[in-house]
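Residue numbers (this note's numbering), protein chains in the order written: chain A, 1 to 602; chain B, 1 to 602.
Treat the hints as calculated values from the structure; they're not laboratory data.
Predicted, not measured: the structure shown is a model, and the values here were computed from it.
Where hints are given, some of them may not hold.
The list cannot tell twin chains apart, which means a pair is met if one copy fits it or any two copies do.
No more than 27 Å apart at the CA atoms, straight line, and that leaves these computed lysine-lysine pairs for DSSO-like [stated by the list, open to error]:
id: 1; residue 1: K229; residue 2: K577
id: 2; residue 1: K321; residue 2: K469
id: 3; residue 1: K471; residue 2: K452
id: 4; residue 1: K469; residue 2: K577
id: 5; residue 1: K87; residue 2: K452
id: 6; residue 1: K589; residue 2: K229
id: 7; residue 1: K333; residue 2: K589
id: 8; residue 1: K569; residue 2: K471
id: 9; residue 1: K253; residue 2: K577
Here is how the chains run, residue by residue.
2 protein chains.
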Amino acid sequence: MGTFSGRVEALRSVMRSRGWDAVIISGSDPHSSEYVSPRWRQVEWLSGYTGEGDVVVTEDHAGLWTDTRYFIQAARELLGSGIKLHKMGVPDQVPIPQWLSSHFPHSGEEPTVAIDGLCEKMSFVDSLGKGFNVVDVPNLPDLVWEDRPEAPQSTVITLGDDQVGWSREHKLSWLRKKLMQGGCDAILLSTLDEIAWLLNVRGSDVEYNPVVISYLLVTMDEADWYVRKYPFRRDSETEDSFYELKADGVTVKDYDDIALDLASLAADDSVCRLWIDPATLNYNLYKVLEGCSPDLELVKGRSPVTLRKAVKNDVEIAGMKEAHVVDGVVMEKFLWWLERQLSLDSGITEHDAAVKLSSLRAEVEGYRGDSFKTISAYGPNAALPHYSTPVTGSALIEPRGLYLVDSGGQYLFGTTDITRTVPIGPCTDLEKEDYTLVLKGHIGLARAVFPKGTAGCHLDVLARDPLWKSKRNYGHGTGHGVGFYLNVHEGPHDIRQSFNRQPLMPGMIVSDEPGIYREGLFGVRHENLVLVTEAGDNGFGSWLKFEPLTLCHFDTSVLVPGLLTQSEKDWLNAYNKRVRDTLSPLLGKEISAWLLEKTRPI
Amino acid sequence: MGTFSGRVEALRSVMRSRGWDAVIISGSDPHSSEYVSPRWRQVEWLSGYTGEGDVVVTEDHAGLWTDTRYFIQAARELLGSGIKLHKMGVPDQVPIPQWLSSHFPHSGEEPTVAIDGLCEKMSFVDSLGKGFNVVDVPNLPDLVWEDRPEAPQSTVITLGDDQVGWSREHKLSWLRKKLMQGGCDAILLSTLDEIAWLLNVRGSDVEYNPVVISYLLVTMDEADWYVRKYPFRRDSETEDSFYELKADGVTVKDYDDIALDLASLAADDSVCRLWIDPATLNYNLYKVLEGCSPDLELVKGRSPVTLRKAVKNDVEIAGMKEAHVVDGVVMEKFLWWLERQLSLDSGITEHDAAVKLSSLRAEVEGYRGDSFKTISAYGPNAALPHYSTPVTGSALIEPRGLYLVDSGGQYLFGTTDITRTVPIGPCTDLEKEDYTLVLKGHIGLARAVFPKGTAGCHLDVLARDPLWKSKRNYGHGTGHGVGFYLNVHEGPHDIRQSFNRQPLMPGMIVSDEPGIYREGLFGVRHENLVLVTEAGDNGFGSWLKFEPLTLCHFDTSVLVPGLLTQSEKDWLNAYNKRVRDTLSPLLGKEISAWLLEKTRPI
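Sequences are here, hints too, so could you generate the full structure?
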């Protein structure tokens with residue numbers, strides 16, 4: 001019996017002893033995080049699968065539910081685990097609630113389904129509907145996962161007003177104004193990047209995401225931050241941070257006290273109407289709040305922090321621009337290094353390249369880590385949009401075809417995310433055509449001008465149209481929001497075909513990353529981050545446009561010139577010139593000369 | 001005291017005698033029609049305003065609520081009526097429910113609001129919310145409108161299977177299958193074009209819309225059509241139609257019996273679950289159904305006919321193509337005639353041109369009327385997208401600048417809708433530039449290729465992008481569905497920025513009509529109808545494209561060539577060639593020669 005099937009069996013024996021018919025193991029943490037710290041990698045522990053997804057175990061079945069992005073990875077990682085892949089995002093998908101309903105046909109007794117309510121959103125549990133006896137077991141994985149890691153306890157730092165533009169006092173008073181406007185007298189925040197933004201704190205509790213595992217309860221005159229503190233975090237920098245927060249009126253409380261405090265929230269009559277965000281609040285705390293005094297009214301709505309955080313202020317924008325200059329220097333050094341290694345035939349692997357790129361970023365003052373795991377993918381590996389470069393045994397980068405590198409840095413003054421697809425030798429006609437068409441799509445979106453009120457789903461087609469015209473496409477969104485020295489994925493805006501009504505607003509940052517993926521052959525993706533900026537008013541309305549933040553040249557050597565219009569070539573030449581003009585003074589003589597060649601106008 | 005203020009005062013005196021605090025006069029009819037027959041022009045009767053909109057009258061206020069399309073017209077038509085314009089679709093809009101709430105601040109007694117429940121959708125009355133005593137007075141306008149017209153009683157004709165593809169037996173059995181799938185045993189249809197489509201009947205109860213005012217109740221073994229019959233409709237063709245319907249199992253009942261029959265619907269136990277469409281059913285009948293036996297369950301959902309009707313079958317498609325050939329001949333004859341009249345300096349007005357165009361259509365065998373009132377607009381008048389050409393005193397068409405004509409025909413075999421903007425003499429640079437950019441947008445959408453599942457709101461930007469790039473725009477949607485010898489506007493699909501999730505499907509017909517409007521100067525709109533067709537499958541998915549149905553050349557004389565790419569010019573040349581090749585054999589020698597000149601490649 002393999003490791004994973006043994007763990008599933010251990011879970012089943014707990015289920016039998018407790019009378020549970022099914023257990024749902026969530027792939028998330030109590031804070032609806034996209035990336036989770038090791039403590040909440042219960043799906044990986046149980047199944048061996050490392051992507052996003054949830055597991056359901058019954059007496060006679062164990063299944064993983066995940067979407068199109070992870071089908072190939074899941075099939076590979078689940079091999080031999082006995083866990084079956086349930087595909088979501090396909091026409092005949094059967095989501096967990098429907099699957100459970102059909103697995104336990106209506107009979108006399110309701111089947112009992114155990115969940116870890118801390119790791120489930122209230123909306124998911126609602127979707128289970130009637131017909132199940134839902135048992136909430138906080139920290140359910142503890143029952144079978146003996147050496148489960150502790151919650152993280154990284155160093156907590158604070159950022160000054162000069163670094164973030166808005167002080168935490170300013171942000172708290174802004175939030176309280178929002179509460180008054182919404183007729184509320186308190187708000188519970190559980191999303192980690194919202195809390196980090198509001199309090200101007202950063203940590204490294206989650207890999208790649210500079211956040212601190214915590215909850216924040218803000219009333220009209222108090223702000224209680226629930227976070228693991230002494231004896232867990234005992235370094236002096238964290239102590240200094242906590243001291244500074246206390247001085248600013250933020251009470252630092254113990255992470256595990258949140259449920260107890262919420263249970264007595266309405267007792268002293270100071271809180272009557274509490275704002276909660278049903279899209280992110282976990283089920284366990286929601287039930288606690290529901291069980292409060294009848295005097296406590298729960299007001300459900302999107303947290304006002306979501307949008308405010310996405311609209312960067314002048315200091316944040318200046319920081320992001322600085323981050324993209326230093327990151328551009330890193331990228332050009334890297335691309336130069338790569339070309340040189342290939343010419344020297346030094347046998348560089350995908351992993352070697354990823355390590356080199358991170359080490360170049362690490363030389364930057366203010367570097368705090370990568371913003372996600374570098375995707376360093378050669379040839380057919382790049383056909384997986386979410387390819388995970390293995391540490392050992394990764395592919396050799398050979399001097400032909402296309403190499404794709406998608407990476408980013410966390411700096412004290414900003415976050416970056418860039419993809420370049422690099423022709424590293426002779427390319428096939430198909431490679432050249434795809435490379436050109438994807439760049440044409442990238443430019444189509446980058447050059448957009450649009451009236452205020454336009455949402456990302458209205459613009460998505462600008463990146464796809466050149467591909468669609470030749471019946472090619474990519475199966476992911478075109479753009480995601482990016483935080484300021486925060487998560488590399490953030491909402492509420494995006495650029496994709498879903499019907500997200502959030503308009504793009506000046507100060508928002510979003511990626512522009514069309515691609516194309518040919519299984520067994522190669523992949524192409526061209527990604528810049530762009531800033532939404534004002535483009536003036538006239539009789540037809542108020543206009544917006546995108547300003548590229550990313551600074552790194554696009555290779556022009558394999559472009560099929562006949563596929564680009566003159567105005568697209570003009571855009572490309574102007575962009576490459578801007579990259580050269582900005583970065584050359586910061587690069588050595590040799591790399592500058594090389595960049596001059598790379599950015600010759602076409 | 002003017003006519004309209006006198007009518008408002010008469011209404012107020014009824015209000016006083018009955019103790020009503022407010023009356024809502026709906027601009028619609030009992031069937032949620034976009035165009036209404038004279039009997040339901042109560043808003044026009046009361047206010048003099050002829051566009052879409054609703055009126056609210058209280059003791060101290062009378063207001064008209066309408067949207068951006070009608071602001072200019074409403075301001076003009078309401079002049080002197082004492083009725084105030086309430087603008088909707090603007091950022092600070094106050095819809096009727098909110099306005100009523102603020103007009104009658106909370107006090108002891110609920111204000112009484114009288115409505116004609118026949119002419120209000122159930123969703124609107126729901127939106128009034130609590131706090132009002134709503135009184136439903138069917139045919140409320142009768143109380144003040146003495147010479148109110150009778151309901152229409154036009155001739156009812158039937159269409160054969162060879163004309164429509166699907167027989168009414170086939171459609172009824174398809175609908176009953178849908179009912180079974182939806183767990184229902186009956187459906188109530190009240191939308192006129194859905195009923196006309198299902199029964200293969202047509203009439204002319206509503207100007208431009210070939211429909212018959214009626215309701216249709218379909219159970220698993222009966223189909224009851226509630227329609228004004230003898231003594232109202234007494235012509236032999238109608239009698240023949242009713243006879244044919246009866247032979248096909250459709251019982252023709254009296255229009256006014258619908259409420260009574262619905263009230264006893266559940267009495268005989270044959271109907272337990274009735275499908276109703278909350279988006280279109282009127283409030284009065286909804287309340288009747290709600291008051292039925294508790295055994296009657298109302299299942300709310302979009303009528304299945306809506307989508308089925310929009311996806312044309314092969315016979316309908318062939319008919320629509322034929323309609324566009326004959327309509328193209330009409331249009332080319334008209335444009336030739338117009339150019340000739342201008343060269344002869346014969347003093348043609350906008351109205352003269354509209355009359356000429358209708359008379360040319362009337363020469364076509366199978367012509368049943370126009371599909372909407374022709375917009376014949378010269379110069380600044382074309383800056384109003386919904387310009388209504390006056391019968392007397394319309395503008396002289398002078399031999400300079402741009403003339404816009406938006407028109408369509410109803411033929412037994414299809415419906416057309418076309419806009420051409422015609423340079424009829426020297427044009428300014430701005431006119432040329434706008435003319436070119438709007439055509440560039442038209443071509444951008446016309447050439448689209450897109451995967452199955454794509455909705456109109458994803459494609460809308462393809463028509464706008466060329467305008468947006470120079471910060472120009474238009475304030476209406478880009479495309480609407482079109483019926484088969486039915487309403488010129490139909491859903492459920494469209495191409496606009498609203499978040500309509502309905503995907504475009506093969507067999508749907510939609511307009512492609514970007515524009516630009518310069519107040520006081522001119523207007524440009526280029527409109528073709530296009531058919532959604534399959535474009536093949538490959539590893540990236542199943543692909544769709546648009547096939548232009550409309551056949552009428554685009555004038556190339558004022559195009560700014562530098563604003564078009566070669567592939568846009570190629571599209572335009574190929575389109576104009578197709579128009580010429582198809583229509584020339586059907587036009588006389590003189591017009592053919594003229595068309596050859598007009599369609600010379602650029």
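| Numbers of unmet hints, in rising order | Hints 1, 6, 9 contradicted; others consistent.
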